[in-house]
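Here the sequence shown is numbered in the working numbering, starting from 1 and rising by one per residue.
Treat the hints loosely; a few may be bogus.
[Said to hold, decoys possible] Below, in silico cross-link-like pairs of lysine-lysine (DSSO-like), each with a Cα-Cα straight-line distance of 27 angstroms or less:
#1 Lys-186 with Lys-119
#2 Lys-205 with Lys-119
#3 Lys-149 with Lys-304
[Stated by the list, open to error] Restraint-style ranges between C-beta atoms, simulated for each label pair:
#4 Thr-292 with Ser-137: 54 to 60 angstroms
#5 Glu-117 with Phe-192: 27 to 33 angstroms
#6 Phe-278 with Tyr-165: 26 to 32 angstroms
#7 Glu-127 with Asn-326: 16 to 22 angstroms
#8 Phe-278 with Phe-330: 38 to 44 angstroms
#9 Ser-290 with Gly-134: 30 to 36 angstroms
Hints are computed from structural coordinates only; laboratory data are not their basis.
Remember, it's a predicted structure, so these values are computed and weren't measured experimentally.
Note that the Cβ used here is the ideal one computed from N, Cα and C, for glycine as well.
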Amino acid sequence: MNKKIQVILTIIMMVFISQVNVGQVKLAQTGLKFLSVGGDARAAALGEAITALEGNSTSMFYNPSGMARQTGFVDVTFSNTQWIADINYMHASISVAPEDALYGVFGLSVASVDYGELKRTIRDEGEDGFLDLGTYSPNAFALGVGYAKALSDKFAVGGNVKFVYQDLGDGHVVNIAQDSTHTKQKFDTDVFAFDFGIQYRTGFKSLVFGMSLRNFSEEIEYIEESFQLPLTFKIGLSMNLIDLLEEGNDQHSFLLAVDAAHPRDYKEQIHIGGEYTFMNILSLRAGYISPTDEQGVNFGAGLKHEFVGFNFGVDYSYLDFGIFDNVNRFSINISY
1 MNKKIQVILT IIMMVFISQV NVGQVKLAQT GLKFLSVGGD ARAAALGEAI TALEGNSTSM
61 FYNPSGMARQ TGFVDVTFSN TQWIADINYM HASISVAPED ALYGVFGLSV ASVDYGELKR
121 TIRDEGEDGF LDLGTYSPNA FALGVGYAKA LSDKFAVGGN VKFVYQDLGD GHVVNIAQDS
181 THTKQKFDTD VFAFDFGIQY RTGFKSLVFG MSLRNFSEEI EYIEESFQLP LTFKIGLSMN
241 LIDLLEEGND QHSFLLAVDA AHPRDYKEQI HIGGEYTFMN ILSLRAGYIS PTDEQGVNFG
301 AGLKHEFVGF NFGVDYSYLD FGIFDNVNRF SINISY
């Protein structure tokens, strides 16, 4: 089994690396950028250094293999992100592990974005220099189906296929007739995208290695202009540092996670996050991504509580986004 796992791991790494090299061709030319915005408050607070974290249903947004270690039967998470420029994101995910994950873990996820109302104007020869044609409301969503399975006590794999749609509205006017009527052209597109990931328990304390490739798809286009999705390759490590001092300590844990990322549309980045948890109830978090143009340090906190057989969790994260003001995320998790 170990030899088979090594072969699988080698093949996956070769495929991932080849796709990363392909992604170097078109920097800063990706579309459907809403797919790059994370949908979980805990992950955001950790600077999205989550590739090697064994998680829950929200792993489908980062590394789908993370949900292979789900301990409960059902896990449900709802998240809201108050993004810059009054843009709002909603994320929801559910994962089910029948027969104690004997057949793997199955998941569904949805991400949607509300850009609000934008003014539709066109150039005009009048006094104002433009003609007001009302408003339009762009929107986008991604609907995903995921699967993950622990192939052994050390090795887990996962994948996610998602249907991605974006509607930029009909705000682009093609021409104006002499009677001031106008014709409009609708700009929308859709595509299927894929996410893949692996996680490997190294056997040294709680050290876990992870790797993921997100937003792999064919090239898409609006009318005549083609572009690619924000393909991102990440590798990461995570470990509970308390294990170095005292294993089996249920009172405290201090998780340290580090990711190295290669986005298609940006330079290489390092993600680092830390999480201190007391009594498996209260968690305090901080994370940082470098380099970035405006983002500062991420902060967050979480509370968990078990009640009548259900586990309830609430998470919050805060990010200072420089000149773009602050970003707030809220997540609610229920599992049993």
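Tested hints:
1. As the CA atoms of Lys-186 and Lys-119 are separated by approximately 15 angstroms, the hinted pair is consistent with the 27 angstroms bound.
2. As the CA atoms of Lys-205 and Lys-119 are separated by approximately 56 angstroms, the hinted pair breaks the 27 angstroms bound.
3. Taking the CA atoms of Lys-149 and Lys-304, the gap is about 26 angstroms. The hint holds against a cut of 27 angstroms.
4. A hinted range of 54 to 60 angstroms for the beta carbons of Thr-292 and Ser-137 is inconsistent with their spacing of about 29 angstroms.
5. Our hint of 27 to 33 angstroms for Glu-117 and Phe-192 holds, since their Cβ atoms are close to 29 angstroms apart.
6. Between Phe-278 and Tyr-165 the CB atoms are about 42 angstroms apart, so this pair departs from the stated range of 26 to 32 angstroms.
7. Checking the proposed 16 to 22 angstroms range against Glu-127 and Asn-326 shows it is violated: the Cβ atoms sit about 39 angstroms from each other.
8. In this structure, Phe-278 and Phe-330 break the distance hint of 38 to 44 angstroms, their C-beta atoms being roughly 21 angstroms apart.
9. For the pair Ser-290 and Gly-134, the supplied restraint of 30 to 36 angstroms is violated, since their beta-carbon distance comes to about 43 angstroms.
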